[in-house]
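Asker: Fit chain C to the given chain H structure using the hints.
In the order they appear, the protein sequences are chains H and C.
The first sequence begins at 1 in our numbering and counts up one residue at a time.
The second sequence begins at 326 in our numbering and counts up one residue at a time.
Just so you know, the hints here were simulated from the structure itself, not pulled from any lab data.
Heads up, a few of these hints could be off.
In silico DSS-like pairs for lysine-lysine, Cα to Cα no more than 25 Å straight-line [claimed, not checked]:
| # | chain 1 | residue 1 | chain 2 | residue 2 |
| --- | --- | --- | --- | --- |
| 1 | C | LYS773 | C | LYS579 |
| 2 | H | LYS323 | C | LYS729 |
| 3 | C | LYS579 | C | LYS781 |
| 4 | C | LYS446 | H | LYS179 |
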Amino acid sequence: MDFFSFNEILSIFSATIRISTPLIFAAMAGIFSERSGVVDIGLEGKLLAGAFASASVAAVTHSAWLGLGAAIVIGLILSLIHGFASITHKGDQVVSGVAINIIVSGLTVVLGMAWFHRSGQTPTLPNDARFMPINLYGVDTISNIPIIGDIYSKLLSGYNLLVYVSFAAVALTYWTLFKTRFGLRLRAVGENPKAVDTAGISVNLLRYKAVLIGGILTGIGGTYISIAQNASFIKDMSAGQGYIALAAMIFGKWKPIPAMFSCFLFGFLEALSMRLQGVSLPLIGEVPVQLIQASPYILTVILLAGFVGRAIAPKADGIPYIKER
Amino acid sequence: MTDSPVAIELKDISKSFGSVQANKNVNLKIYKGTIHGIVGENGAGKSTLMSILYGFYEADHGKIYVNSKETTIKNSTDAINAGIGMVHQHFMLVENFTVLENIILGAESGMMLSHSIANAKNEIRKLEESYGLYVDLNALVQNIPVGQQQRVETIKALYRGAKILILDEPTGVLTPQEADQLFDILRALKEQGTTIVIITHKLREIMRLTDYVSVMRGGEIVTSLKTSQTSKEELAELMVGRKIHLEIDKTPVKPGETLIDVRNLGLTDAQGVKRLDNINFQVKAGEIVGVAGVSGNGQSELLEILSGLSPCSEGKVQISDITITPKRQTDPRAVRNASIAHVPEDRIKRGLIPQFVASETAILGYHNSSAYNGIILTKTEEIRNHCVYLMKNFDVRPNNPDIKSANFSGGNQQKLILAREMEKIPKVLLVGQPTRGVDIGAIEFIHKQIVDIRDKGSAVLLVSGELDELLSLSDRIIVMFDGKIVGQVDASKADERMLGLLMTNSYENKEESQNESSI
Chain H
1 MDFFSFNEIL SIFSATIRIS TPLIFAAMAG IFSERSGVVD IGLEGKLLAG AFASASVAAV
61 THSAWLGLGA AIVIGLILSL IHGFASITHK GDQVVSGVAI NIIVSGLTVV LGMAWFHRSG
121 QTPTLPNDAR FMPINLYGVD TISNIPIIGD IYSKLLSGYN LLVYVSFAAV ALTYWTLFKT
181 RFGLRLRAVG ENPKAVDTAG ISVNLLRYKA VLIGGILTGI GGTYISIAQN ASFIKDMSAG
241 QGYIALAAMI FGKWKPIPAM FSCFLFGFLE ALSMRLQGVS LPLIGEVPVQ LIQASPYILT
301 VILLAGFVGR AIAPKADGIP YIKER
Chain C
326 MTDSPVAIEL KDISKSFGSV QANKNVNLKI YKGTIHGIVG ENGAGKSTLM SILYGFYEAD
386 HGKIYVNSKE TTIKNSTDAI NAGIGMVHQH FMLVENFTVL ENIILGAESG MMLSHSIANA
446 KNEIRKLEES YGLYVDLNAL VQNIPVGQQQ RVETIKALYR GAKILILDEP TGVLTPQEAD
506 QLFDILRALK EQGTTIVIIT HKLREIMRLT DYVSVMRGGE IVTSLKTSQT SKEELAELMV
566 GRKIHLEIDK TPVKPGETLI DVRNLGLTDA QGVKRLDNIN FQVKAGEIVG VAGVSGNGQS
626 ELLEILSGLS PCSEGKVQIS DITITPKRQT DPRAVRNASI AHVPEDRIKR GLIPQFVASE
686 TAILGYHNSS AYNGIILTKT EEIRNHCVYL MKNFDVRPNN PDIKSANFSG GNQQKLILAR
746 EMEKIPKVLL VGQPTRGVDI GAIEFIHKQI VDIRDKGSAV LLVSGELDEL LSLSDRIIVM
806 FDGKIVGQVD ASKADERMLG LLMTNSYENK EESQNESSI
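In isolation and in its complexed conformation, chain H is listed as follows:
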């Protein structure tokens, strides 16, 4: 049966990578924010806002890069709002994050209708206003070699630029957190902000920096959803990926590389579910489409409820820092 053929497996893996990309951006954003002690349930909203901003700007300017820039700016603005509410004014971080999600979900549709008159959708973009797949060096030559060629051309090459950027983001996150002064302070402020304060470092400034980095990353993730993976913005197109990224981050214990792999796990299930639709499996028979489509979400619930009980969150995660003795 060709479902288990080498080419099929390669294509499921490459679909996994394509699906995981926005999850990885959002999960890294979550790691920065939560490692500094700010819970970021607003990842979902920031992805969606980024998707809308990039699709709108790209539709008007025909430039994918300007779209990306707009998405990053929106990500930064939303992060500043989150920071203003929860860092400066010590508000509840979850409430602030949920508020962002709700506002974005409504505002993107309203603005989309007002600007483009297509019931909330943005115009379909031509290819030159999107991030299109690129071929890595020498694909044509190497692809003729059996197996290695297939792996190179189908698994490693042929993604759009942002996919490769997401891998760089993981490496950069790891390097920043564990190899730099900024990373040491960031991790410290999420564990014991008082220790950071008494060491003469501003807790609030550090936390602002962390959520702003998160804003940049979610902006790129949102761009990927609307103008790389798709060719326009559609209402609520982030479809819970922000929450899934949050689950992946927790399952990865707030560490960049394990978090990336749990993003892959979610991406793989999604890829598998697309591939499995209508396929009859031996022994089981045809699996209902709805069940397969629900599987990433079911996994989210299981992981969050069961396995993650043992994951230890940064100790000050979710607690506004109030200076007192």
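Answerer: Same frame as chain H, but now just chain C:
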């Protein structure tokens, strides 16, 4: 007092929080290269004053001179730059960081960690050698004992170039041996020119360690003295403003029937670690049995089992009319009904509900009593009257039943809890840390009440981290280490040194410590 140069001078420092004046026109001189003690009751303003010096708070008015130069200290950075370092009472350490990471945090020498770490190692080694401050730099802070954690705090301050070191209640969490080591280190620091300010409520330490001592009361400095020209008794009187009896008058023990009988008690936690192992002891009516041990060696678990808060996994406990076995659990209400009173170790978490008003706290645990409940509504007036009565009996201030529990001082919260638990003269009284964070005047009162209830025939089990308290209150002391009872001594024959050694399981002379269930 002397003509040696002044390291710190505070002039007319005042600070208010709302209507509370925490510091009032404080004037203080601290001489270079001396150890200067600051004593005072809780709420006397010691911590506020030091927080002003370390830049946590800004004074409302007044001036700070460091090395005779007027210095503005707006935040911790300013303090560090002025050469002031602080060892906080609750350590400012990141628990899942290594010792080294904690030391360099905020004082890194460059953007990249590897660079900072290499630089720091040499410098820390020098500090270690000159002051005897040895620590394992690669260990995680959460895995090293508190005494070591305190060294990390000290190194942190010195690594930042502190020439003036403030220590806030440094010995609160230390065993006597660890405290001795700390004092050796502090003396070595002093020898090499560091100025040390130590805040404590332990007068014995002041007498042993300091050159000068300042007494604070009600936000003011009452007086500053040369330590060699004063005494414990004088300092205690100055702190409280009246005569204090540091010694407790106690009649000889007259044990009655056995009210607590613990046999082969064991507890294994969810991770499979043995928290309690083969515990055997008895407490009779009319005696106080103290439980000593470095915190975390099973004392808390023991109290929790006896008070019905958590189950045991081995053995048998007979306490008042209640039998506890692994198969036969009990619960706090059954325990209360059997005339067993419990004053929990953590009064904020378990003794009261901070958001409740005092009258509500005063009936917690007894709130089902028909005295406080009508058919549908609670009898508010009865509850208030009861609270007023308790407050009068136990001298709780302010004696207003409508104030939130959180707004009483630690000592008054504790007095209210003790009043609640002792009111009906229980057969058994389980007390955990009765005077933790309680000021000296209230300590005297609480100790007297505990001895009183013993004289009325209650069996008292007292868990405390204060060896002074254990030695003066208890008739017998059992010492716990690593979940086991490692010693059981007659309180009149014990002293701090011996208990300290037992607590760290390094006591050699086995003749004096017996492992049997009774003396």
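Asker: Each hint needs a verdict: does it hold in this structure or not?
Answerer: Hints versus structure:
1. LYS773(C) x LYS579(C): holds, 17 Å
2. LYS323(H) x LYS729(C): Measuring from Cα to Cα gives roughly 22 Å; hence the hint holds.
3. LYS579(C) x LYS781(C): holds, 11 Å
4. LYS446(C) x LYS179(H): holds, 17 Å
Hint compliance for this structure: every hint is met.
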